[in-house]
Amino acid sequence: MSDEPLPSIVDEGEFKPFWTIWTRPRQTVRQIIAVNPELHVLLLVCLAGIGEALDRASMRNVGDVLPVAAIIAIACVFGPLGGLLSLWIGSHLIRLSGTWIGGLARREHIKTAIAWASVPSVFALLLWIPQILLFGSDMFTEETPRLNSQPALLIPFLGIVLAEFVLAVWGFVLLCNTIAEVQGFRSAWRGLGNIMLAGAVVVIPLIAVVLAIVFVASQA
1 MSDEPLPSIV DEGEFKPFWT IWTRPRQTVR QIIAVNPELH VLLLVCLAGI GEALDRASMR
61 NVGDVLPVAA IIAIACVFGP LGGLLSLWIG SHLIRLSGTW IGGLARREHI KTAIAWASVP
121 SVFALLLWIP QILLFGSDMF TEETPRLNSQ PALLIPFLGI VLAEFVLAVW GFVLLCNTIA
181 EVQGFRSAWR GLGNIMLAGA VVVIPLIAVV LAIVFVASQA
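Residue numbers (this note's numbering): 1 to 220.
These are calculated hints, taken from the structure and not from any lab test. From the three backbone atoms N, C-alpha and C, an ideal C-beta is built for every residue, glycine too. A portion of the hints provided could be inaccurate.
[Stated by the list, open to error] What follows is a list of derived Cβ distance ranges for each label pair:
| hint | residue 1 | residue 2 | range |
| --- | --- | --- | --- |
| 1 | Arg107 | Glu143 | 41 to 47 Å |
| 2 | Ala217 | Arg107 | 18 to 24 Å |
| 3 | Met196 | Ala220 | 31 to 37 Å |
| 4 | Ala208 | Leu153 | 19 to 25 Å |
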């Protein structure tokens, strides 16, 4: 999970962030910030948001009530909005919680780190093309008649699921590294700690509210 800081690439011809982010996330995000902290941030977040919207539609079996075309259209409209909202909230929470453990990043740079760590999610979005072509509405419904009637489709289905899992895990590893870099942490594990603290800022108050409601209800 470690990615020790490397000397920045000076040769502009070697600045290929879409390639280097996969294996040198800390160096890459450092170079992006030096060149332009806003580089492709909105594009990456919006595309990742579309993928997230499609994933949610699949998990919730939205295809049971909507056609595939409508699901795709809704994801393309509201997915980017969700991605931008997540970026806004996430960058604030990570910056706030990061200050508790010595983080020094500006929120603009945290947004850069979050956006570029989503590159695997953008690649995962491309996997929706073969999924929809091969499996159609089965991707969004509780029943899967096409998969059930054509067992051979299970092979590409499982292959795509595995690829999505690997991309999701690697995206999280990249996020830990990019957050660590912009916050000035030497270890990606501290980046992980920063992310977990940001989550705790939301989760702990929610748990407290739920427990309070349960307690009040039990006393009624």
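Hint-by-hint comparison with the structure:
The beta-carbon spacing between Arg107 and Glu143, approximately 45 Å, falls within the hinted interval of 41 to 47 Å. For Ala217 and Arg107, the Cβ-Cβ distance of about 39 Å falls outside the hinted range of 18 to 24 Å, so the restraint is violated. Distance hint for Met196 and Ala220: a CB-CB separation of about 35 Å, consistent with the stated range 31 to 37 Å. A beta carbon spacing of about 46 Å between Ala208 and Leu153 contradicts the range 19 to 25 Å that was offered as a hint.
Of the numbered hints listed earlier, those contradicted by the structure are 2, 4.
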